[in-house]
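Produce the complete structure using the sequences and hints provided.
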Amino acid sequence: MTAAAYNDAELMAVLMAREVRDGEISACGALSQIPAAALLLAKELHAPNAEIIILNTVFRPFHTSRQFHYLAQRGELGLFFVSGVQIDRYGNYNLHQLGRDPDHPEVRFPGGYGGGLIYYAARRSVIFRTEHTRRSLVDRVDYVSAAGSSAPNVLRWGNPSKLVTPKALFGFDRAEGVLRLESVHSPYTLEDIRHDTGFDLGMSGPIPATRPPSAAELHTLREVIRPKMIETGTYAAWAEKSLGARPSLGA
Amino acid sequence: MGVPYIPVIGLVGTDLLKRRDDMVVAPDPFGGGTMTVVAKAMRPDVAVFHVDQADRHGNVSCGYALEAVILAEAAKHVIVTAEEIVERVTESEATGAFVPSILVDTVVHAPFGAHPAGVTGRYAPDKAQMRCYLAAARDDDTFAAYLKAQVFDVPTHEDYVALFVSPEGQRPSRTVRA
Numbered sequence: 082m083t084a085a086a087y088n089d090a091e092l093m094a095v096l097m098a099r100e101v102r103d104g105e106i107s108a109c110g111a112l113s114q115i116p117a118a119a120l121l122l123a124k125e126l127h128a129p130n131a132e133i134i135i136l137n138t139v140f141r142p143f144h145t146s147r148q149f150h151y152l153a154q155r156g157e158l159g160l161f162f163v164s165g166v167q168i169d170r171y172g173n174y175n176l177h178q179l180g181r182d183p184d185h186p187e188v189r190f191p192g193g194y195g196g197g198l199i200y201y202a203a204r205r206s207v208i209f210r211t212e213h214t215r216r217s218l219v220d221r222v223d224y225v226s227a228a229g230s231s232a233p234n235v236l237r238w239g240n241p242s243k244l245v246t247p248k249a250l251f252g253f254d255r256a257e258g259v260l261r262l263e264s265v266h267s268p269y270t271l272e273d274i275r276h277d278t279g280f281d282l283g284m285s286g287p288i289p290a291t292r293p294p295s296a297a298e299l300h301t302l303r304e305v306i307r308p309k310m311i312e313t314g315t316y317a318a319w320a321e322k323s324l325g326a327r328p329s330l331g332a
Numbered sequence: 319m320g321v322p323y324i325p326v327i328g329l330v331g332t333d334l335l336k337r338r339d340d341m342v343v344a345p346d347p348f349g350g351g352t353m354t355v356v357a358k359a360m361r362p363d364v365a366v367f368h369v370d371q372a373d374r375h376g377n378v379s380c381g382y383a384l385e386a387v388i389l390a391e392a393a394k395h396v397i398v399t400a401e402e403i404v405e406r407v408t409e410s411e412a413t414g415a416f417v418p419s420i421l422v423d424t425v426v427h428a429p430f431g432a433h434p435a436g437v438t439g440r441y442a443p444d445k446a447q448m449r450c451y452l453a454a455a456r457d458d459d460t461f462a463a464y465l466k467a468q469v470f471d472v473p474t475h476e477d478y479v480a481l482f483v484s485p486e487g488q489r490p491s492r493t494v495r496a
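Residue numbers (the numbering used here), protein chains in the order written: chain A, 82 to 332; chain B, 319 to 496.
Hint data in this document are derived by calculation from the structure and do not stem from the laboratory.
Treat the hints with care, since some could be wrong.
As the list claims (entries may be wrong) - DEER-style ranges, computed between Cβ atoms: (1) A:Y194 / B:E476: 31 to 39 Å; (2) A:T270 / B:S484: 54 to 62 Å; (3) A:G325 / B:V364: 49 to 57 Å; (4) A:A297 / B:R361: 52 to 60 Å; (5) A:G252 / B:T408: 51 to 59 Å; (6) A:A297 / B:K394: 57 to 65 Å; (7) A:R189 / B:S484: 23 to 31 Å; (8) B:G439 / A:R216: 36 to 44 Å; (9) B:D346 / A:L112: 31 to 39 Å.
C-beta atoms are modelled at their ideal positions from N, C-alpha and C, and glycine is treated no differently.
Rendered as structure tokens:
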């Protein structure tokens, strides 16, 4: 069972789980189904001593979000998962509004709650986006909800470290302050990624294929994490529908 | 908190910061060499918020609206509207966040006071009314019509409930087309 088929949600959950380090505190915010699965999967597989925080679920140590913010501000949050409507080459994300004229937006969104704080406080942030297109991955976001990097004298504990999409994995070059393509998920090609990405891929050298989810990763995700999410009411309806569902990618 | 301003980690380089005159980037006054955003305190003259239970003295249980506690502390005057007035609300028995009467000036009994939003454990958000609100809010004229029909032309809160909240508290008995 080496070439198991999987769907986009499963692939992203596995890739994001690999970013969780054992012994660290890792967290995700509201409306974060895939990160929630990733955190639980990492703890089950390679990070049994990780502390995980899934806001608004049973997997949270605090009753108030204030305590979570204080923990992050103290520099104790190792990893945070975040998404945005638009993400740009510089690791900026936009959760506020679309349109070139900031005074007359075409569409407005609810905003980022505490993301504009946590993005600077977490040691690493992994950005994820379920849509990999030129409209979601842009050269410059229409509105900066949180900035990927800051001047060296600005107090911040961390930066983005990765961008995960259903098609590719990007790393963040902290020295240059830009995202760089690291690997491409099968069956997509480098040409597909170039075609679907609205910014310079910042490549340096050949781009490998992403290491696909292993049989063990998929098995644990479907047979351990899925029932755990359903039983604990952690995005239960999503887990039931998305984990173990018919693949969107044939492998 | 009662402090005039406070340092904040984050927000540097965002468009939010460009549009706020109550937040600036400032150096560490203790010579640490770092810069952070400094946010000016908000001191509202009046705060109005809806809660689950209140007693006649102004002790309040807010369900999970924990931000209400911060709001009550920050505002100079506090008015709460309550789903239910009970004999006594105590900190140990409050189901969620507790606001003591010393912070509250006025209590108003207003069942369905959160409508068309919901109150956890009592009634769900009214989706049909929410859609009506969202459609109306797209431009000033339709929103003015909405306000006229659902607020200004409705003499009392009891009239509002009779007109817009269904018997089950879930569906509206009438929708206003903006």
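Confirm or reject the claim that G325 (chain A) and V364 (chain B) have a C-beta distance inside 49 to 57 Å.
Check passed, 53 Å falls within 49 to 57 Å.
Range agreement (Cβ of R361 (chain B) with Cβ of A297 (chain A), hint 52 to 60 Å)
For R361 (chain B) against A297 (chain A), whose Cβ atoms are near 56 Å apart, the range 52 to 60 Å holds.
Verify the CB-CB distance for A297 (chain A) and K394 (chain B) against the hinted window 57 to 65 Å.
holds, 60 Å
Verify the CB-CB distance for R189 (chain A) and S484 (chain B) against the hinted window 23 to 31 Å.
Since R189 (chain A) and S484 (chain B) have Cβ atoms about 30 Å apart, the given range 23 to 31 Å holds.
Starting from the hint 51 to 59 Å, judge whether the C-beta atoms of G252 (chain A) and T408 (chain B) obey it.
Holds, since G252 (chain A) and T408 (chain B) (Cβ atoms, about 54 Å apart) stay within the stated range.
Per the hint of 31 to 39 Å, is the separation of the Cβ atoms of D346 (chain B) and L112 (chain A) within bounds?
35 Å Cβ-Cβ, so the 31 to 39 Å window holds.
C-beta pair Y194 (chain A), E476 (chain B): status relative to the range 31 to 39 Å that was hinted
holds, 35 Å
Check the following: the C-beta atoms of T270 (chain A) and S484 (chain B) are separated by a distance inside 54 to 62 Å.
holds, 55 Å
The hint says 36 to 44 Å between G439 (chain B) and R216 (chain A); measuring C-beta to C-beta, is that right?
holds, 40 Å
The structure meets every hint from the earlier list without exception.
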